[in-house]
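Peer 1: Residues per chain, in single letters:
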Amino acid sequence: MPNNIIELKNVIKTYAQGKIAVKALRGIDLTIEKGEFAAICGPSGSGKTTLLNIIGCLDDATEGEVTVDGMNTNDLSKTARANLRLHKIGFVFQAYNLVPVLTAFENVELVLSLQGVPRAQRVKRVNEILAEVGLSELSSRRPSEMSGGQQQRVAVARAVVAKPALILADEPTANLDSVTGKALLEMMHRLNKEHQITFLFSTHDQMVMEHSERLIHIVDGGIAKDERK
Amino acid sequence: MLLIKMALRNLWRRKFRTVITVSAIGFSYGLLIFFVQFQTGGKEQMANTGIRMQAGHVVIQATGYNVDKELEKSIKNPGAIDKTIHSSDKKAKIAWRLFTTGSLRSSDGSVLLDRLVGAQFDREKNVSDFPSKMQTGTFLTGGPDEIVIGAAAAKLLKAEVGSKVQLSISDIDGSIVRVLLRIKGIYKTGGASVDRGYALMNISRLQELLKMPGEVSQIAIFTDLHSSKGLAKELRRRLRGQQTEVLHWQQALPTLHQLLLVDTASMYIFLFIIFFIVAAGILNSVLMSVLERTREFGVLKALGMRPGKILQLIMSEAFLMGLFAIIVGLAVGLTMSYIVSIYGLDPADLAGGEQGMEAAGVPLTEKLYPKITAFSCVWSSLFVMILTLISALPPSLRAAKILPVKAIRE
Ligand SMILES: Nc1ncnc2c1ncn2[C@@H]1O[C@H](COP(=O)(O)OP(=O)(O)O)[C@@H](O)[C@H]1O
Ligand SMILES: [Mg+2]
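So the sequences go chain by chain: Y and F.
Under my numbering, the first residue of the first sequence carries the number 1, and numbering increases by one thereafter.
Under my numbering, the first residue of the second sequence carries the number 1, and numbering increases by one thereafter.
No wet-lab data here; the hints were simulated from the structure.
Values in this document were obtained by computation on a predicted structure and should not be read as measured data.
By construction, the Cβ of each residue, glycine as well, lies at the ideal position given by its N, Cα and C atoms.
Any given hint might turn out to be false.
[What the hints assert, rightly or not] Examples of chain Y residues toward chain F, derived with CB under 7 Å:
{"hint": "1", "residue": "Phe37"}
{"hint": "2", "residue": "Asn53"}
{"hint": "3", "residue": "Leu58"}
{"hint": "4", "residue": "Asp59"}
{"hint": "5", "residue": "Arg85"}
{"hint": "6", "residue": "Val101"}
{"hint": "7", "residue": "Val111"}
{"hint": "8", "residue": "Ser113"}
[To be verified] Simulated crosslink set (SDA-like; lysine to any residue; CA at most 20 Å straight-line):
{"hint": "9", "chain 1": "F", "residue 1": "Lys73", "chain 2": "F", "residue 2": "Gln243"}
{"hint": "10", "chain 1": "F", "residue 1": "Lys43", "chain 2": "F", "residue 2": "Val340"}
{"hint": "11", "chain 1": "F", "residue 1": "Lys43", "chain 2": "F", "residue 2": "Ser227"}
{"hint": "12", "chain 1": "F", "residue 1": "Lys125", "chain 2": "F", "residue 2": "Lys73"}
{"hint": "13", "chain 1": "Y", "residue 1": "Lys163", "chain 2": "Y", "residue 2": "Met71"}
{"hint": "14", "chain 1": "F", "residue 1": "Lys5", "chain 2": "Y", "residue 2": "Glu7"}
{"hint": "15", "chain 1": "F", "residue 1": "Lys5", "chain 2": "Y", "residue 2": "Lys9"}
{"hint": "16", "chain 1": "Y", "residue 1": "Lys9", "chain 2": "Y", "residue 2": "Ile223"}
{"hint": "17", "chain 1": "F", "residue 1": "Lys15", "chain 2": "Y", "residue 2": "Lys9"}
{"hint": "18", "chain 1": "Y", "residue 1": "Lys78", "chain 2": "F", "residue 2": "Val405"}
{"hint": "19", "chain 1": "Y", "residue 1": "Lys78", "chain 2": "F", "residue 2": "Gln243"}
{"hint": "20", "chain 1": "F", "residue 1": "Lys406", "chain 2": "Y", "residue 2": "Lys9"}
{"hint": "21", "chain 1": "F", "residue 1": "Lys371", "chain 2": "F", "residue 2": "Gln243"}
{"hint": "22", "chain 1": "F", "residue 1": "Lys90", "chain 2": "F", "residue 2": "Arg238"}
{"hint": "23", "chain 1": "F", "residue 1": "Lys15", "chain 2": "Y", "residue 2": "Pro143"}
{"hint": "24", "chain 1": "Y", "residue 1": "Lys225", "chain 2": "Y", "residue 2": "Glu7"}
{"hint": "25", "chain 1": "F", "residue 1": "Lys91", "chain 2": "F", "residue 2": "His226"}
{"hint": "26", "chain 1": "F", "residue 1": "Lys5", "chain 2": "Y", "residue 2": "Met71"}
{"hint": "27", "chain 1": "F", "residue 1": "Lys233", "chain 2": "F", "residue 2": "Ala92"}
{"hint": "28", "chain 1": "Y", "residue 1": "Lys23", "chain 2": "F", "residue 2": "Arg409"}
{"hint": "29", "chain 1": "Y", "residue 1": "Lys88", "chain 2": "F", "residue 2": "Lys233"}
{"hint": "30", "chain 1": "F", "residue 1": "Lys406", "chain 2": "Y", "residue 2": "Gly45"}
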């Protein structure tokens with residue numbers, strides 16, 4: 001069992017924007033160990049989202065090697081990537097990432113359904129995780145009937161429910177007020193400890209940086225500083 | 001199950017659009033059902049009227065008579081042919097007829113007869129429409145000097161039941177024969193040319209006058225619309241080499257048949273319009289919903305949902321919309337058909353109150369009724385459903401191909 005959940009070697013990402021090539025990542029070398037609670041921070045446009053997308057197999061690196069949970073993702077097929085995401089990675093996006101027509105319960109259950117988990121087991125696990133994020137009472141509400149903070153907690157529950165190896169969260173608190181954001185972060189930290197799930201965020205929120213155990217600063221697509229607390 | 005649940009809720013979420021699309025498709029589909037059923041009913045009625053008044057489901061005539069109606073082209077052995085018919089179809093009703101042309105004269109006027117029918121009064125009663133259309137007097141009873149004429153002819157002759165009229169015809173040798181007959185009854189079918197130019201008398205008397213004893217122009221056979229083709233085929237085989245031709249009603253009444261075919265063509269135009277409404281309605285509705293939900297599909301794919309599942313999700317929505325539209329359509333169409341089948345539609349009303357309407361020589365006087373067939377509902381439902389799914393396919397494929405990176409950045 002490799003101890004590193006993520007290994008990046010000289011990852012470069014270039015976007016072709018018309019005739020100009022935009023270099024979003026200029027040679028990233030990064031290793032994240034299992035169980036870490038780490039944040040990528042940097043100003044807007046520095047390449048945080050691009051980096052998370054590449055790690056999450058949503059996008060390809062232009063150059064370099066990407067290994068997730070011991071698997072080199074460069075040469076995986078689309079189906080294999082979808083399966084890797086389904087079984088190994090949980091996602092939390094900045095906003096609006098719940099299915100609007102499904103209730104909180106169903107949104108969380110969806111991932112287990114896609115994995116083919118039998119119904120009885122699904123119900124049990126969804127109820128457990130909703131209790132953990134403190135949403136048992138709201139399980140039959142639709143996203144439109146919940147606050148932003150509650151929606152984001154459902155999103156975290158959805159990311160966690162299948163017990164993935166890694167959760168990628170792209171600016172999860174950006175749309176939340178500071179009190180709600182802090183509560184969400186503390187909740188994620190707890191899940192990180194209880195379930196040994198690796199969390200990797202991107203953020204430019206001072207509060208999130210203070211809570212993370214490791215801060216990877218990126219500026220203009222390169223790692224400027226990597227500090228562990 | 002989850003997909004159907006999501007699909008239903010997505011449709012419900014956009015109630016207004018769903019209702020518009022479903023009702024547009026449903027109502028036009030309902031009209032189609034009514035139209036098809038009304039047309040099927042009307043066509044069968046017209047065919048039946050034409051068959052009862054002018055031919056039979058199958059007719060047997062001397063070879064060439066159908067094209068060239070000469071007296072000499074007659075059947076000399078009708079009795080033997082009757083036996084053949086009965087051994088092919090026991091239940092078939094048969095009537096012999098001898099046709100010629102001539103004129104009628106009274107002291108006050110005259111009228112040309114396009115078709116003087118020598119009829120077997122006892123058999124004709126069971127198959128023809130004329131006995132039930134008598135306005136005054138009665139149908140033929142077998143007397144040698146009886147003649148039955150139409151109301152328009154009676155008016156021209158200023159004659160009534162019991163009046164004497166002089167019939168002029170030319171016999172088989174070309175000599176003019178004049179004879180006095182007594183009007184036994186006057187019928188009114190509502191068809192202008194039938195009420196004026198047709199007349200019926202007893203066949204034995206006409207044979208005698210034409211010097212054609214035992215000969216007939218036509219043996220008309222009555223079964224039903226659907227089994228008649230098979231009977232025609234069998235009789236054709238069994239009567240081969242007998243100088244006769246066996247005609248199905250579509251061949252015996254080509255003008256009527258053509259008219260009914262034109263009617264069928266108009267149904268295809270209607271079908272095409274429906275095709276357009278379904279395709280445009282579904283395409284628009286599904287495409288809009290896909291465009292609005294780009295982000296949602298991006299997230300689902302990021303979570304690991306396969307493109308095929310996304311395709312299924314959207315196709316389920318289209319399927320449900322199609323299903324609702326079909327239900328609305330069946331409800332609308334069958335209700336219309338049902339109501340009209342109670343009261344009937346008067347063809348004169350449809351044509352703006354015109355009287356004495358005819359189509360291909362068939363009087364359109366009876367009310368028309370739709371014919372509710374299971375078949376018309378089943379195939380048309382399938383048609384709508386298949387069209388729905390085909391129309392929904394391009395936008396669904398588009399959604400299935402959405403790249404999560406792009407969708408989430410939007
Ligand atoms: N699809 C794209 N096409 C072209 N340029 C892009 C695209 N996505 C991101 N970029 C560029 O790449 C750089 C990094 O973007 P991003 O990863 O979104 O940064 P961050 O998440 O830190 O704000 C920016 O300069 C942005 O304009
Ligand atoms: Mg970003």
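Peer 1: Each hint needs a verdict: does it hold in this structure or not?
Peer 2: Here is what the structure says about each hint:
Restraint check, Phe37(Y) versus chain F: the minimum CB separation of about 22 Å is more than 7 Å; hint violated. At a threshold of 7 Å, the smallest CB-CB gap from Asn53(Y) to chain F is about 5 Å, leaving the interface hint in force. The beta carbon of Leu58(Y) comes within 5 Å of a beta carbon in chain F, closer than 7 Å, and the hint placing it at the interface holds. A cut of 7 Å between beta carbons decides the hint on Asp59(Y): the least distance to chain F is about 5 Å, and the hint holds.
Residue-level restraint check for Arg85(Y) holds (minimum Cβ-Cβ distance to chain F is 4 Å; threshold 7 Å). The closest approach between the C-beta of Val101(Y) and any C-beta of chain F is roughly 4 Å, which is under the 7 Å cut-off, so the hint is satisfied. Residue-level restraint check for Val111(Y) holds (minimum Cβ-Cβ distance to chain F is 6 Å; threshold 7 Å). Taking 7 Å as the C-beta cut-off, the interface hint given for Ser113(Y) holds, the closest approach to chain F being about 6 Å.
With a C-alpha separation of about 10 Å, the suggested pairing of Lys73(F) with Gln243(F) holds against the 20 Å cut-off. Distance check on the hinted pair: Lys43(F) and Val340(F) sit about 15 Å apart at the alpha-carbon level, within 20 Å; holds. With a C-alpha separation of about 17 Å, the suggested pairing of Lys43(F) with Ser227(F) holds against the 20 Å cut-off. Among the hinted pairs, Lys125(F) with Lys73(F) is inconsistent with the structure: their alpha-carbon atoms are about 26 Å apart, more than 20 Å.
Using a Cα cut-off of 20 Å, the hinted pair Lys163(Y) and Met71(Y) holds, with the two alpha carbons roughly 18 Å apart. Distance restraint check for Lys5(F) and Glu7(Y): the Cα-Cα separation of roughly 40 Å exceeds the 20 Å cut-off, and the hinted pair is therefore not satisfied. A hinted pair counts as satisfied when its Cα atoms are at most 20 Å apart, and Lys5(F) with Lys9(Y) does not qualify at roughly 44 Å. In summary, the hint linking Lys9(Y) to Ile223(Y) is supported, as the alpha carbons are separated by about 12 Å, within the 20 Å threshold.
In summary, the hint linking Lys15(F) to Lys9(Y) is not supported, as the alpha carbons are separated by about 51 Å, beyond the 20 Å threshold. As the CA atoms of Lys78(Y) and Val405(F) are separated by approximately 14 Å, the hinted pair is consistent with the 20 Å bound. The suggested pairing of Lys78(Y) with Gln243(F) is violated, with an alpha-carbon distance near 77 Å, which exceeds 20 Å. With a C-alpha separation of about 25 Å, the suggested pairing of Lys406(F) with Lys9(Y) is violated against the 20 Å cut-off.
Pair hint Lys371(F) plus Gln243(F) does not hold up; C-alpha atoms about 39 Å apart against a cutoff of 20 Å. Straight-line distance between C-alpha atoms of Lys90(F) and Arg238(F) comes to about 15 Å, which keeps the hinted pair within the 20 Å bound. Restraint check for Lys15(F) and Pro143(Y): satisfied, since their Cα atoms lie roughly 18 Å apart, inside the 20 Å limit. Distance hint between Lys225(Y) and Glu7(Y) is fulfilled; the C-alpha atoms sit about 17 Å from each other, no more than 20 Å.
For the given pair, Lys91(F) sits about 14 Å from His226(F) by alpha-carbon distance, which is consistent with the 20 Å threshold. The suggested pairing of Lys5(F) with Met71(Y) is violated, with an alpha-carbon distance near 36 Å, which exceeds 20 Å. For the hint pairing Lys233(F) with Ala92(F), the CA-to-CA distance comes to about 15 Å; that is within 20 Å, so the pair holds. Between Lys23(Y) and Arg409(F) the alpha-carbon distance is near 18 Å, which keeps this suggested pair within the 20 Å criterion.
For the hint pairing Lys88(Y) with Lys233(F), the CA-to-CA distance comes to about 73 Å; that exceeds 20 Å, so the pair is violated. Under the criterion of a C-alpha separation no larger than 20 Å, the hint pairing Lys406(F) with Gly45(Y) is consistent with the structure, at around 16 Å.
In summary, the structure is inconsistent with hints 1, 12, 14, 15, 17, 19, 20, 21, 26 and 29 from the numbered list given earlier, while agreeing with the others.
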